[in-house]
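Now for the letters of each chain:
There are 4 protein chains.
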Amino acid sequence: MEERLFNVLRTHHVEYLVTDLDRAQAFYEDAVGFTVTERDDQHIYLRGLEDRTHHNLILRQASAPGVSHVGFRVAKEQDLDAIAQYLGSIGVRSHWEEKAERALGRVLRANDPFGFPIEFFYEIEHVPWMLQQFSRHHGAEVMRLDHANYISPKVEEASDWYQRHFGFEMSEYTVSVENGRDRIWGAWLHRKQTSHDLAISNGKGPRYHHASFIVPSKDRILGAADRLASMGLANNIERGPGRHGTTNAFFLYLRDPDGNRIELFTGDYLLVDPDWEPVRWDLENPQRQTFWGAPAPKSWFDESMVAFDWEGNPLSTTDPTLPDRPMMID
Amino acid sequence: MEERLFNVLRTHHVEYLVTDLDRAQAFYEDAVGFTVTERDDQHIYLRGLEDRTHHNLILRQASAPGVSHVGFRVAKEQDLDAIAQYLGSIGVRSHWEEKAERALGRVLRANDPFGFPIEFFYEIEHVPWMLQQFSRHHGAEVMRLDHANYISPKVEEASDWYQRHFGFEMSEYTVSVENGRDRIWGAWLHRKQTSHDLAISNGKGPRYHHASFIVPSKDRILGAADRLASMGLANNIERGPGRHGTTNAFFLYLRDPDGNRIELFTGDYLLVDPDWEPVRWDLENPQRQTFWGAPAPKSWFDESMVAFDWEGNPLSTTDPTLPDRPMMID
Amino acid sequence: MEERLFNVLRTHHVEYLVTDLDRAQAFYEDAVGFTVTERDDQHIYLRGLEDRTHHNLILRQASAPGVSHVGFRVAKEQDLDAIAQYLGSIGVRSHWEEKAERALGRVLRANDPFGFPIEFFYEIEHVPWMLQQFSRHHGAEVMRLDHANYISPKVEEASDWYQRHFGFEMSEYTVSVENGRDRIWGAWLHRKQTSHDLAISNGKGPRYHHASFIVPSKDRILGAADRLASMGLANNIERGPGRHGTTNAFFLYLRDPDGNRIELFTGDYLLVDPDWEPVRWDLENPQRQTFWGAPAPKSWFDESMVAFDWEGNPLSTTDPTLPDRPMMID
Amino acid sequence: MEERLFNVLRTHHVEYLVTDLDRAQAFYEDAVGFTVTERDDQHIYLRGLEDRTHHNLILRQASAPGVSHVGFRVAKEQDLDAIAQYLGSIGVRSHWEEKAERALGRVLRANDPFGFPIEFFYEIEHVPWMLQQFSRHHGAEVMRLDHANYISPKVEEASDWYQRHFGFEMSEYTVSVENGRDRIWGAWLHRKQTSHDLAISNGKGPRYHHASFIVPSKDRILGAADRLASMGLANNIERGPGRHGTTNAFFLYLRDPDGNRIELFTGDYLLVDPDWEPVRWDLENPQRQTFWGAPAPKSWFDESMVAFDWEGNPLSTTDPTLPDRPMMID
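Protein chains in written order, with our numbering: chain A, 11 to 340; chain B, 11 to 340; chain C, 11 to 340; chain D, 11 to 340.
Hints listed in this document are in silico derivations from the structure and should not be mistaken for laboratory results.
Please note that a few of the clues may not be correct.
What the hints assert, rightly or not - Taking lysine to aspartate or glutamate and the DMTMM-like style, the derived pairs with C-alpha atoms no more than 20 Å apart in a straight line are:
1) C:K164 / C:E179
2) D:K86 / A:D283
3) B:K86 / C:E179
4) A:K86 / D:D283
5) A:K86 / D:D285
Unchecked claim - To be clear about the criterion: a stretch of chain B counts as covered by chain D if any three or more of its residues have a C-beta under 8 Å from a C-beta of chain D, and this derived list gives those stretches:
6) 224-232
7) 241-250
8) 298-307
As the list claims (entries may be wrong) - Just a sample of chain B residues kept apart from chain A, beta carbon distances all over 12 Å, derived:
9) A85
10) H136
11) Q142
12) S211
13) R290
14) D292
15) E313
16) W320
17) P330
We put the CB at the ideal spot given by N, CA and C, even for glycine.
Given these sequences and hints, build the entire structure.
Set out below in structure tokens:
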């Protein structure tokens with residue numbers, strides 16, 4: 011592959027497919043604490059309190075749940091053309107969305123070489139932020155999108171591709187030691203100066219595991235669990251609250267009424283220096299997942315979100331070669 | 011005075027006079043975070059999330075602000091008759107409120123020997139608590155009434171009276187050393203097992219300084235300041251957030267739109283043992299007021315709430331003999 | 011049984027048996043955050059930051075772990091004689107400890123009619139509290155003892171006995187519905203004005219499940235989990251952090267290096283009024299245990315602490331008739 | 011001036027002059043919660059829990075307090091030569107420190123065109139981070155350096171210079187409206203993706219107002235105030251805790267035993283997108299300083315830290331032309 015960089019700023023938004031918009035809005039807006047920017051008959055556009063761009067999450071009416079795409083914002087309009095050219099040069103089909111996404115300028119859509127549906131854009135409509143409108147903060151006080159999590163049987167290749175061509179850098183990684191050699195089982199990759207924009211974990215894929223949203227404090231994560239449970243939504247709490255070993259973040263995993271998964275996330279770190287040495291975790295170390303040692307539930311390993319191609323067909327998946335679900339029996 | 015005990019359970023509620031019920035409800039319910047139990051054309055009855063009785067605060071429509079009375083709950087109905095008899099025996103006029111307060115049984119109203127309008131009752135209507143209805147918690151999440159604060163030129167006498175006849179006990183006190191002798195300048199008195207139900211401070215009185223309400227955490231106090239400021243109510247924040255030396259509580263003082271004062275309060279202690287040795291603070295120690303050393307604003311010392319007699323006339327006041335406003339210039 | 015009341019103030023302390031005092035001190039003082047009052051060659055006496063009495067936990071050197079006794083403080087010295095007489099009248103052997111516990115006056119020791127080793131005392135040495143010595147606060151900042159938890163096959167009888175003769179009152183209870191009739195499966199009983207001093211749960215007993223200690227905030231509980239995990243003690247974290255449905259408290263369960271269990275506990279409520287209506291929970295409701303729905307681990311149900319008689323012999327146990335471990339498979 | 015960019019990564023460290031190293035260490039390490047990396051007879055090198063480089067604060071033994079320099083890390087070694095050349099081209103003297111700072115590679119020292127002593131470097135020794143060594147976290151748990159604050163009579167010029175030549179961008183600014191025209195009174199400039207690395211405020215200068223350090227939560231800021239006050243250091247708490255309007259951060263300002271000022275800071279925001287529209291604040295808006303409306307104390311406006319030239323001579327200062335200390339009488 012040719013080595014070149016296109017300046018991706020950050021993982022900017024995700025589009026989730028839901029089967030009932032009203033039910034989904036009740037979950038995301040009222041129960042969890044997103045801010046609705048606007049809604050039409052097919053979509054709800056949501057954002058966080060710290061966001062100044064139109065949305066970080068789109069809920070789209072569909073007949074089955076899943077993830078339509080992850081959206082990367084690039085640093086300038088011309089990056090889009092360069093990316094289109096590059097993708098063509100490596101045989102990856104892409105297209106300019108004709109009816110581009112609401113609030114965006116030109117949108118370049120593709121499935122990456124590992125199958126993941128992604129889009130690139132620069133222009134986006136700005137909206138007022140809500141950061142100091144404290145009386146409108148509610149629920150978990152979702153602040154902004156943090157990252158998306160892929161599941162792939164090709165973690166090393168995918169991680170390499172995003173680093174070589176899109177400027178991502180590795181903050182942390184998990185290894186499975188195979189025949190005395192470190193094989194990358196999970197990779198935490200970032201463009202913005204936090205622990206990650208993209209995590210890629212080993213497993214049957216391409217699938218999406220979750221999108222993760224920043225909340226302002228651990229207290230707001232505990233409050234989210236209380237709030238959901240008091241609304242009869244205890245079953246939508248899948249894992250946590252707890253602290254991750256990797257990235258050090260405090261987390262809560264939720265399933266929406268369609269089973270789509272989000273993470274509420276707070277307390278990783280700032281990563282500015284170019285001579286950062288990635289943090290290595292052994293797959294056998296139970297503290298990498300939950301620093302306090304508690305295992306994740308079975309569903310957290312077994313269930314992931316279907317990814318789709320442009321025509322809306324679910325992508326076929328491939329089994330991984332590295333060990334699967336290593337921590338479930340802890 | 012005859013020595014006898016009547017079993018007061020706790021300071022249960024206060025009635026504040028406000029000149030605009032709608033404006034007051036917007037402040038107490040929406041901005042601060044009380045729960046409204048019910049409202050009629052002259053009153054709003056509010057409670058906390060932990061309360062199972064009908065109200066801990068009544069807002070009554072009036073032509074001028076102030077405090078109509080503080081309500082003490084006694085342990086049994088017969089205590090009321092015994093108190094009535096005792097008050098008569100010491101020449102304090104009392105009466106059974108003919109049109110008793112909403113949700114209460116028999117109510118005995120009096121001005122105590124130091125002028126403070128108080129009432130005693132046992133029966134009160136129970137309502138569901140909101141403790142685990144987390145999705146309805148909002149604002150500072152007011153939990154319950156903690157205490158009322160009197161200002162009186164006769165702190166020693168008033169403190170003695172509540173202790174000898176109503177079972178109050180002293181948790182902490184402030185002294186002004188006069189001619190080498192401790193004079194009680196402020197007294198913290200409790201019936202329930204917390205630091206106080208009643209605080210009596212030296213000053214021109216009888217006046218009320220504030221009523222204080224428990225919130226669940228320091229974080230909710232900081233959130234209250236944020237919320238109020240974002241609603242254009244920064245001027246209603248009078249003092250704090252800060253930590254008191256006395257009682258160790260974390261506090262925020264607010265003025266309602268009529269100038270009535272409340273305290274949001276969290277983090278004092280439990281006080282169960284009968285051999286408690288009261289904590290002594292010297293008036294000259296600036297940390298007794300704010301443990302971190304910051305002085306209170308002038309208004310906090312100079313402005314207090316008018317107390318009224320039964321006929322609704324403001325009570326005349328007397329100047330104190332002990333030093334006034336000792337900490338203002340710190 | 012004769013009905014009479016002796017004024018128990020509160021559950022005051024517990025004595026745990028440990029096989030290695032140094033190792034136990036490292037756990038309780040350094041890792042968890044108790045304050046050591048003093049130590050001799052056989053005991054370590056610990057207390058909380060809010061305590062003004064000599065200890066709330068004794069660690070005693072022994073050849074096997076377990077619970078030697080729970081100590082109840084009574085309101086006055088004469089209560090002890092009355093209790094001794096009462097116990098004799100119902101055929102319960104008791105004795106005055108000849109070499110009374112360090113820092114205590116007279117101590118009356120007995121096994122209650124259900125087998126639990128308990129002691130009563132009034133006099134205890136006072137020590138300075140650490141409440142405002144913030145620079146010495148550390149770890150979870152243990153404040154005070156909250157309650158002890160018994161496991162017994164006779165929950166109804168034991169709960170009745172403590173209520174009828176020692177003034178305990180029921181704040182909450184769990185029922186197993188047997189043939190359409192509520193059978194008390196768990197009882198939360200209090201003397202001090204919080205949700206409990208004593209909890210009695212159905213199971214093979216007499217055994218102790220845990221003693222519970224108050225910490226000042228949820229944040230300190232999360233910090234305790236972080237601290238323990240960073241010290242290589244993740245395996246000592248058994249359950250939580252989470253919120254209980256019953257009592258509404260936020261909790262963390264720990265096992266000490268000998269397997270003895272403690273709970274860190276915060277955020278229940280104040281309970282003052284005599285007309286409190288106990289909160290009823292159905293055993294089938296998973297939210298009673300963890301309000302967020304997550305099940306407790308198997309060990310939490312299967313493992314409990316051995317209780318001993320005066321001679322230091324482990325007590326034999328009886329199986330319960332009501333269903334055991336109801337929530338484990340949730 | 012020639013327009014060119016040198017890639018400054020971030021404001022990396024500051025060097026404070028102190029008159030008593032032991033006393034300073036007691037303050038910064040024990041009372042506040044910095045981590046000491048190492049100490050020699052003239053210096054103490056401190057860092058935060060999240061830091062992986064050798065120091066973010068140097069305390070240097072001197073005969074009088076003040077600020078020796080602010081250190082900027084650049085993205086690569088060659089940037090240093092380019093900066094040296096650029097400074098020469100505009101007549102600013104610079105030199106390579108012969109005996110370079112401990113743990114650093116080449117160091118280029120200069121006074122910027124507005125007088126501020128600064129240094130540039132790339133190479134620095136790495137050290138292990140303490141992020142998950144929770145049992146060693148203490149005090150306010152200082153995480154990393156956030157920013158330095160300059161006081162200058164030439165805010166517009168200085169702000170422009172750092173933006174044009176070093177890649178800083180403006181996140182927020184305060185204006186004094188003079189003859190209907192916005193004059194920049196304060197500028198918040200960032201390189202890393204947070205609200206700022208450098209703030210420049212109007213006033214007699216060149217002087218330094220403070221360096222600011224990130225702590226993980228508001229709770230740790232409140233805990234810092236408690237801790238300091240309990241150690242007899244209440245007088246070292248100058249302002250706060252409170253919330254800034256500008257940047258939205260929660261703050262506490264401290265004076266060290268020599269009077270040098272630091273800020274503890276948490277809760278601003280992430281700033282990634284290049285089309286950020288700077289937030290404008292009017293100097294007349296009291297909420298810009300303290301969102302809750304409380305005024306800063308007089309000392310906060312009147313007292314600043316002396317800056318020195320290479321030879322160790324205090325720099326002479328110039329009065330500002332825009333209004334000084336605007337909020338003091340609020």
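Status of the hints after comparison with the structure:
| no. | hint | verdict |
| --- | --- | --- |
| 1 | C:K164 / C:E179 | holds, 17 Å |
| 2 | D:K86 / A:D283 | holds, 10 Å |
| 3 | B:K86 / C:E179 | holds, 17 Å |
| 4 | A:K86 / D:D283 | holds, 10 Å |
| 5 | A:K86 / D:D285 | holds, 10 Å |
| 6 | 224-232 | holds (count 3) |
| 7 | 241-250 | holds (count 3) |
| 8 | 298-307 | holds (count 4) |
| 9 | A85 | holds, 33 Å |
| 10 | H136 | holds, 21 Å |
| 11 | Q142 | violated, 6 Å |
| 12 | S211 | holds, 32 Å |
| 13 | R290 | holds, 35 Å |
| 14 | D292 | holds, 36 Å |
| 15 | E313 | holds, 26 Å |
| 16 | W320 | holds, 39 Å |
| 17 | P330 | holds, 40 Å |
When held up to the earlier numbered hints, the structure conflicts with hint 11 and nothing else.
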